[in-house]
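Here the protein sequences line up with chains V and B, keeping their order. End of the first sequence = 613 in the working numbering, gap-free, step of one. End of the second sequence = 618 in the working numbering, gap-free, step of one.
I should point out that these hints are in silico values taken from the structure, not numbers from a laboratory. Be aware that one or more of the hints could be misleading.
Said to hold, decoys possible - Here are the simulated lysine-lysine pairs, DSSO-like style, with alpha carbons at most 27 Å apart:
#1 K324/V with K278/V
#2 K92/V with K355/B
#3 K211/V with K241/B
Claimed, not checked - Part of the chain B face toward chain V, derived, beta carbon under 7 Å:
#4 L112
#5 E311
#6 W312
#7 E388
No residue lacks a Cβ here, since even glycine has one placed at the ideal position from N, Cα and C.
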Amino acid sequence: MNTKSFYRKIAYITAVAILLLPLAYLSQPVTGTGKEKQKGKLAELRQEYNLSQAQLGEIDPGSESMKLALFGLHGVAAHFLWEKAHDYKKTKNWDKLEATVKQIVRLQPNFKSVWDFQAHNLSYNVSVEFDNYEHRYVWVKKGIEFLIEGSHYNRDEPIMFWNLGWYTGQKIGNADEKLEFRQLYRDDKPFHDLFRQNGIDVDKAPGADGKPDNWFTARLWYVEGQTAADESGRPIRGKSPLIFHNQPAMSLINGSNAMEKETYEGEVEARKWELAQKNWSSAADEYADYGNRMIPTSWGHPVRLGDYDSILARIQQTEEQLDKLAPGAREKLRDQKLANLPAAERAVFEKKPEDRTAQEQLMFLQFEENVKVNPYEIADQAPPADRPKARQLADQIFEDKTLAQRTNSYRGIINFEYWTQRCAAEQTDTAIEARKHLLAGEEAKKKTDLSTAKKEYEISFKLWKEVFDKYPLIMDNAETQDLVDSISRYNDVLGQLDEDFPTNFILNPLLRVGGEEGQRLLSIQRQVSKEEQPNENPKEDEPKAEEPAKTEEPAKEGEPKEEPKPEADEAKPSEEPKPAPGDQPTEEPQPSADQPAEEPKPATETVDAPPAK
Amino acid sequence: MVIENQVRPLLEWLFPQNITDPGFLLSCLGLVALLCALGFLFGLMVAALRHGPTEGLNVVARQIFDAFTQDFPGFSLRRTGAIARLIVQESVRRSALAAFVVFMVVLLFAGLFLDTTNSNPARWYLSIVYFSINILLMLMGLFLSTFSLPADIKNRTIYTIVTKPVRSIEIIAGRIVGFGMVGTAILLVMALCSYIFVWRGLSHTHTVEAADFSDVQDRAAGGIVSGRQAMTSVNAHHQHKVTIDKAGKIVVEQQMGHWHNVTMSGEGNDAQFTVSSPIGDLEARVPIYGKMQFKDRNGKPTDRGINTGDEWEYRSYIEGGTASEVAWTFSGITPERFPDGLPIELTIQVFRTYKGQITRGILGEILVRNPDPTSNRSSAPIPFESREFITDSRLIPRKLKPLIRDQSGAGANEIDLFEDLVSPDGKVEIVLRCAEPAQYFGAAQSDLYIRAADRSFAANFLKGCLGIWLQMMIIICFGVMFSTFLNGPVAMMATFSVMIMGFFGNFVRQVTTGAVEGGGPIESLIRIVTQANVQVDLEANAIVIFVVKNLDLAIMWTMTFVTYFLPNYNYFSTSGYVENGYDIPFNLIVQHLLTALAYIVCSSLVGYFCLKTREIAA
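Extracted from the complex, chain B is given alone in its bound form (with noise of 0.2 Å):
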């Protein structure tokens, strides 16, 4: 699984690290500090010319006194629960389900339009019902959020409830629990429809045939016969290669991101086979990652390997017949965890400078090496051939060949992986290696990791949803806020904005940085109108270019200004954790729980003053 930035030690990502890193809990208190400075200023200048300027300021003072002294400790769960149990009924009379009934339709339908051929199709599904279920819930939130406040008091509804003894913040609370509620409820029932969904669609078995095996000669070896082959019958638009070799051992191919384990009882042409149902689909793999270094050809360290060339440069690359090398360092290894070796899983890429042998995968080496510099004991050099863009699994048993140079005399034929390779505080080096001359492999932080366990997939898809979970949640805080002082299209409107910018906040960044060509706003619609694209320089008169980019230029600014202040959704996605097969960090769901935290504790906050100071009855 590609993971461009790897999951931080909960500790590290809320504490300051150093000056660049101020952590995330003093982030959060500046931008919360920020805001409310903001927010005081800008209620003081409404205030102000409401009232004038001394009685605005005693006016804005009041109101924060106010919410600290009465509103904050006098907020009542009670209230604020009948207050959800309201906006439940609102909801589900207000059609909420439909999001439900546009789900079922799409789950019924979705054989029109799903990929059932595709390469990988556990991810793809899993893909499909996360973005379905996060689209629907999203515009769910943001409509039943926005328009609900301000129908109450165009409707004067809301009049029955602010006459009696019900805090702001309560109405506010109440509101965002219970379209929490509502959202969550769907959600649920989504999730498991979605799972049944995925697991039917994924369901599936082979029939293998004795006749349908034959030889297969090892040309290599001089055309000596080296086991027996077959193809299963085509199911699912795939079939899988089934190979027995000599010792009986039957090694199913890996086909659409997933295999199958064939048993076979009787003998000769009598065999009768046995297909599983897929393995490898649906799993939740626990990783351990390590820390990574490269060596140069040299086999001096260095930051980075080679760029061959690609324009993506997630990894780098280690040339092969050289002393360059790739090496993790795991930590916490101890053989109680690891009893029967270590358990690592690769997958590396590959880049040939020549042809060479077109049949066979590039051959290379891997070493298990003890980070103690005052041990210096390796294994012998564990030999594979490369296979691209497939998960290889492999243990790395307990018992090693030393490599030759160990003249340590200590066990000289074999050495024990944790007394001769784990350095006394639990650390171990697993090193990758080319060995062709010329041709080249290409690796990144998250490419070999020891699989430490398995967990249950059911658990790891709930929690995928929790990410979804908050973003729903997050949107209708912001709506909420919104309708406090917004009619309801436009709050839907201005919720509607920070979605977007939310999940495009990073673009807008890089077209004020100009990363991303073609200009702000109004360059883009000038191209676009004069189809002229975005690489050549626009044709008009200086002054108006003059213009149209410093007018851009400003209104990108605030945008990136305001990106800042915005959910980024994205951050909150972790869908692609659960389709690659890995199980969601815990560290993660911390941190993502602590970041929706504080944009639904500010937002409520905002949402709260602003209907406060509203005039509701006026």
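With the rest of the complex left out, here is chain V (with noise of 0.2 Å):
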């Protein structure tokens, strides 16, 4: 009996060892440097994939001896704590919530989902339970500092640095109360200095009192995030890289916008306008140094935002050296086109543009589309020995508008066109006096000095006509909404000085498109004209009933014609936070997986498609 044991335990001790053989030779440490060095299987994956702990960030001595203590059963204790921190959220237990927390991280510090939706709660949901905006603004700067934490553990990780700009700029800056949080966070000395501590040189970042501003800080952190994903290698996760590189530019473009809307003592003041306008410059260079950037796209390929122009440019040559190999080809086809066109779709063709009802116009749009001529079939009307260049051509011009069309759907994600024209805009005197006269308008009205408010109401309204007359572009977007509430109250001024409101208000082209509030000062002017002229017919700046507010220029020749709606926050200026990706303070944030996101998509794609060969 005793000998049988015996034997087993030989046995089982041989199993063993000969199972640890591989295992030893898998496991084998790093030895050696340069050519001499010689390492396991294992230590060539670690570091060929970048997981050995010195390689992902800091190594705490604490997080380790927790991990080691549960004998590989820290998930299992992160689950458990995770729903003792929902429990505790739950009964709004908020210091035991945020030591859970801070556990959880320590015993998975590597798993960046963690750190994103617990900064997320802290800064976004708990700081919302606090009645108190001085302790709303402490639970802000939890959720940053808890980035913060995260970014030693998970060095060179742009998603991490980029939330931490998302935060300082959007939560601090977008908020309801943004106007105290922004003072508190420009005499926040301490957190400036866990700032400084961390790379991030604050003194970069001053607003117009000098003191740090969270709008320009947010953008070093952007930037920060930017270079490590430039240098480190590590791919931009769970964010389009279309929005990860727009932000630095955004943020220069919300901190000067805030900027203007503030209100300083003294000098300060003064300073204000001139760092605003300087910082409207540096957003336009940033954001033509985004439009240069290579942006990878969901199609495989990457484009440059900023070379929409140069290759409708291409386009347009190359269409005229194919319409040199086939001359009058293009009228011929298009003509023939015509003519198979139905009586009713015919005549609307043959109208003038300006003659065309609102449904002619649509009409004319969507049948366009039936008489457009591919240049494949240009291509095919060249003479024979012509015809492969033709082909050449044709297929480089499909190439050229495919780009085309898919840099143009990207451009209207991010609202491109807009904010280009906005930074030119904003940094021109012009509009600079505007701003002021409008403040001043504003102010006087607080202060119902009625008389000098409609004064600087009218100076900045004149202004701001040329700025739309030279741009007409960023007349149509929200972030005019505060003009026309301006409007709205100058309104007010003019009802309290007994005057009606004129009905050839310079900036009625403004009040069309100004949405509900727009139209009721349409309403209120069209009001006041019947009863001045109440056998005249209505003024020619009145929109006629049946036509919409605004009608849509034709596409130009050869111009992609779809124009995606901007899904992107910062595609819709506005005072008030809009819904953005990951803007929106959820209840309950979901991590988001390790993957890229999904690249945003046109709906469809209209560039002419080559005949089949």
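Put the two chains together into one complex; each comes in its own frame, and the hints tell you how they fit.
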């Protein structure tokens, strides 16, 4: 019996030893240096995928001890703590929630979604539970501090820096209590020191009063993220590169915008305009740089947003070359297609654009596809000797049109054209003066100095008219709603002065696109006009009842028609925070997968398809 | 502090109140009777299998007879003490002090994993030390108590005892006392070390310089200077805002659950400031809770206020700008107890339906009312601004302004708290109202109380350890009980199971009743393996699902039945009181002691009968 037991033990020990051999081989540590370097398979894989703890980030002895003490059950412990954290949140036990969250990350310091989720939880979900805005600010800070700690454990992780920028910018600068938050941030020296200790030189992000500004500090975090993405080669997880790289410029825009709307005392107020103008100019440069950046797309090739105009020029040039190879073919083919259209549709096409009704204009846009001449059709009309060359040009046109359409689609997502024009417009002296007078009008209205308010408003509107005449695109945007609201307050001032709203108001085009408030002001105007001239026809300015507020311009020849609506938050600048990826403070933020976010796609592609060969 | 169930008066807890509330004594007797019956039947069954039904009955009856005629009356404290002494020696030999060593390692390296930036470090530190002591002592009790007797039996060292005139009850009691003594000694040392650790960890001060002060402008009052303000130095990861008002009163903002007293000597730029040690983080307040009554927006009494959509229904809300209110009626209010007035503490929640004034809290009012229906006297509203998640301490002075509608004529401009607002039987009503329309205040029973006194924090800390001691003693008793008829590892597993079931009894009951989704053990296992979350239907054959669900149901109901007999360890935990700065009520301690005693006696008796019937020499 004892002999059997002895043999059995020997067999077990032998089996264990045999199993340990391959394990020992695989787990061989790195020894030697240079060519002499030897390592096991696991060490090799760890190095290849940057998975060793030292490569990932800081090594925390506390975290490592906790993991070791749990004998590999740290996942289970983290799950248990997660449940506890949820329970503490439900029962509003904030200090225990905070401590539990920190324990979770100590158990799983390299699980990036935990950092994202819980930072969001602290900054957004917990902060709003407090009634005192100073307490809310403390919890917003706690989320940011938590993310900073996460960036130590996950070195060079672009999205962590990006989130730090987002929280510093959007959560402080776009909340209901943004005025108070921004002031608290400006005076928060310990917080500035924390940023400095983490490589963010807040002194390079001064606001009007010379103290660090949250929006400009946010830009520094975004730039840090960009540097990490460009230099470390780590992927941008959970965020589209289009949005990721857009933020440094947007921070400058938001910061300048916020500064212009705030009032300061004494010299700071004067310096504010100067700084805002300078920052609008920097934003324009930053946006131009952004336009030159290669942005990866879901189609597998990158695009440069700023290349759009040059692509269109190239298309036009190639089309001209193609037309030379098949002279008159384009017109002939188009005439043929027009002739084949039903009579009603043809009649629409034959009308001059200005004679078309709104419905006809829509029909025109709809049927235009049917008469569009495909470059391959033109190539087929070229003389046989030139046909290969013509087909080559048609291929070129097709490719460029596809690229232009995709580029335009991406530009649409972040409202590239609008922001480019806005930066150009806002840095002009006219725009700055317009804003100055508008703010002076608002302040005078608050002080019930009605005649000054009226005067300041009117100067401002006149200047705005000049700006809109030069940059019409910036008029049709939610951002101008603030100006419409100011016009509404101007109307109140007029009412108090017993004056009517002017029937020939110079910013009527803005009111037409100014939403409900704009329409209300226009109806007041119509009412006044009727009272003044009861027998005359309505003024030319007034929109016809059946016409939409704005008719679209027909698309230019060769220009892709699709104008996808902006999706990102920054594409819709506004006073109030708008829902945007990651901005909406949800009750339960979901941890994002460690994968790049799905690229936004245009709804359809309308580029001429090459004929089947 | 959140107290979901108020501590009941001792007599009310002990004796039956109604048919659904039989009281502790009756419930305990019922359960003991049931246990005796089950024990008798089980013993009879075993004896019948061994000796046949008649002889079996005879054996069981003899054992019970012997117990009550010989063993219990002949119980010797001297022999029990001797065994306890041996057990202490054995425990020390078997590295019982390892628990203490581990605890010291935890304290020494606490800096590595303790969150020192927590918004209430005192609460967090106390929570950590209590948790560590609790876990380590329970594990120590578990290992010591379960392996000792089986090892003695296995090594036959038990012969040296059983061959002497020592009764089984003395062996059981000696072991429990011995292990208890070891545990108590370790607990006391751990408590002392913890107290020093917490006190040292929280001790800090700040500095503030005269040059740091700047004027504070009151925007609401047109920008006039309302005082001076400065921030202290950053120490222990925080700083405080210090405000000196026009009258020279210095107010220090509460941060991380405490504040400091700041005293000023000198004037202007030569002023020197002295900042005291932290105040308010380690205290033991004695609250007097009142009876709560809500009124709806029409002023009609209602059981609860409005639910504003909070998942947690602990608090309910009153609507501002209406007749809605919440009133607490306090008893035993006399001028002798509160000569300066009523020191109340208030913790309310705010729910805004619109932003309103973002830079200040919601305005509310407190009234003091005489609950005597013949009196109809009330103070004028005392206005206040809400402060959420902060204990708002206020003193209701003895002299108050009367409510305008008070037409009694007596003391038209001033009324006395005790003469006019306290009823002859010593009751007073404190009413809370929200003054702003469409804004809400949320309150619960324990959100407003009278701070009757402050007791010693150190004593309260020790009282918190008493809860841990009781848990350890119960574990030891169960361990000894199981070790009388199971071998070491099995006894350890059985005691561990009792521990787990005791901690998670409520969870087991919730799973059984379906309040927690995911099903019983088999269904859970299937869901884990198939990665199906708890909310989707189980994907399997209908017959398989039927079998799994019913098997689970049988298992869960059995477990639920068992949980009613096992101690709920969470019940004995009083650390929450200490962490939140409240004195542990004497009532609660007595209730815990009696409950623990019931378990200790029951498990000891079961252990005694098991050991007595065991053939140790076989």
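Quickly compare the C-alpha distance for K92/V and K355/B to 27 Å and report which way the hint goes.
-> holds (21 Å)
Restraint satisfaction for W312/B [CB to CB of chain V, less than 7 Å] | holds (5 Å)
Should the interface hint for E388/B be scored as holding, given a Cβ-Cβ cut-off of 7 Å against chain V?
-> holds (4 Å)
Per the CB criterion, is L112/B less than 7 Å away from chain V?
-> holds (3 Å)
When the least beta-carbon distance from E311/B to chain V is tested against 7 Å, hint result | Holds - the Cβ of E311/B comes within 7 Å of chain V, reaching about 6 Å at its closest.
Take the C-alpha atoms of K211/V and K241/B, compute the straight-line distance between them, and say whether it is at most 27 Å.
-> Holds. K211/V to K241/B sits at ~20 Å (cutoff 27 Å).
K324/V paired with K278/V [C-alpha distance capped at 27 Å] = violated (48 Å)
Consistency with the previously given hints fails for number 1 only.
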